[in-house]
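Chemist: Line order of the protein sequences matches chains A and B. Just so we're aligned, residue 67 is where the first sequence starts under this note's numbering, counting upward by one. Just so we're aligned, residue 2 is where the second sequence starts under this note's numbering, counting upward by one.
Derived from the structure by calculation, the hints contain no laboratory data. Backbone N, C-alpha and C fix where the C-beta goes; we use that ideal spot for every residue, glycine too. Among the hints, erroneous ones may be present.
[To be verified] Residues of chain A clear of chain B, computed beta-carbon distances all greater than 12 Å:
(1) Ser110
(2) Ser152
(3) Leu194
[As the list claims (entries may be wrong)] Cβ-Cβ distance ranges computed for the label pairs, FRET-style:
(4) Ala82(A) <-> Arg71(B): 34 to 40 Å
(5) Ile223(A) <-> Gly38(B): 34 to 40 Å
(6) Ala284(A) <-> Lys214(B): 52 to 58 Å
[To be verified] Here are the simulated DSS-like cross-link-like pairs (lysine-lysine), alpha carbons at most 25 Å apart as the crow flies:
(7) Lys131(B) <-> Lys214(B)
(8) Lys76(B) <-> Lys138(A)
(9) Lys141(A) <-> Lys121(B)
(10) Lys141(A) <-> Lys76(B)
(11) Lys109(B) <-> Lys72(A)
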Amino acid sequence: MGAIMKRELGSYFHSATGYIVLGVFTFFSGMFFYFYCLYADSSSMTYVFSNMLMIVLFLVPIITMKSFSEEKRQKTDQALLTAPVSLTGIVMGKFFGAFLLYAICNSVFLLYAFIIMLFTTPDWAVILCTVLGMLLMGAALIAIGIFISAMTESQVIAAVLSIGAGLLIYMIDSLANLVGVDFITNILNAISFNRNFSNFTYGVLDLANTVFFLSITAVFLFLTVRVFEKRRWS
Amino acid sequence: MVEVKNLCKNYGEIKALDDISFTANSGEVLGFLGPNGAGKSTTMNIITGYLSASSGTVTVDGDEVLDNPRAVKSKIGYLPEVPPLYPDMTVEGYLSFLFDLKAVRLPKDEHIREVMCIVKIDDVRGRLIKNLSKGYRQRVGFAQALLGNPPVLILDEPTVGLDPKQIIEIRTLIKGLGKKHTVIFSSHVLSEVSATCDRVVMIHNGRIVADEKVGELSETISGSGMLELEIEGSATEIAQALNAVDGVRKVTRTASQCYTVEHDSDKDVRRAVFCAIARTDGAILMMRRGGMTLEESFLRLTERGEV
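All chains should be built: construct the whole structure from the sequences, respecting the hints.
Modeler: Okay, structure coming up:
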């Protein structure tokens, strides 16, 4: 698992993907930071984070699109699947490789916190809690992206489907408002990434939200393992 | 030792493998021969655990591939049909990754250098794999299979795409490896198999049509010895004379002066043939004892398989 994770992370920086993702992430977070904190003269980064959801929804598919699809296309999956590593190990290695890149992106928030420190004392509890929320939400999106990537041989299809899934996730709140049936609205609200994430941006560390993102991650990683298991038998 | 028993594999309606059984002993080079689409790669993918069989078992040194996949996989070095290379990695970086992936317990740098020397890729160690030629890529794939000195090597058409010099090098390499490892390698080039293997398993339409030692192969299949002759003289007279020789089964005229004689394999008819021709006006220009070539026996076997 460690070897796969290391190679995965390295591969982002052998190609342009890693730099582009880092650049775009830093650009938008920097922009939001400038407008909502520096320009608005505020030490609260809540709005910075709540606006990042949209950016993350687009960036994560770029991170995950080639994770398994490219392996399949180049037939390198044969090396992974015939090595003495379990399927779970392979999937986890891929997941953590992508997750580490995402985590590196998020480390820029600490820099912003230090900039705030130059003017006033930032609310560390809120900032750290939100970064944790960002990481948990990202983990869930990465797991979904990896699952989609495992089902196709084409990076483009993987990216388009993942962005589609991302947009659907983004629209869940509006959908919940449109649907008149209370029962469905409640379900949609419960699985809304935005709602589950927003508690973190206020500095509220709710077990329910944490478990929500962790279970989405676990479910999709499990499904990815099943995809490979099934392919072996068909 | 690799033991394959009653292996079947269905892809939906299509039966890719139908009851395949064979054994490769330690220190043996087993050639896996068959036309394209015969099921060679499928069998190899099942042995290495990449695919699962619909039924049947594969045992490597006593471990079953489904019960104990990790133990089996760590004993096998596999070079698939398309070498599993990451184009954006350097040769050394790639081998280092696979070394870690296979969790090899040997001194890392030393072992990688050793393997690179065996397949002669140490001169391209720092180059990106995507910039390498086909032959070099094949050899990097070979190096990857050798990592960790696995007791069993499974090579799927290892010489495809190489130039003649490299082909000879790889064959010598396989022969050398066969002394220490169990090697199973597939090919559709028959001369390659007869030059490198101790034993041949022929497969056609997912069935085994022959499983024999290389030397004994042609005789068993034809059931009779063969003579190739070039004789000057009247064709009818010569045919008559040849047919009269005791032990000769069949005479065929392949070209104006060329004849093929099939005779009982336990009898040496050369002397009798010589005398018979000497009594006619004809003169033997050439006589060669020719067992069927692998190509011929292969064609026979596959034709028989289809009937």
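Chemist: Can you list which hints this structure breaks, lowest number first?
Modeler: Checked against the structure, the hints that fail are numbers 2, 5, 7, while the rest are satisfied.
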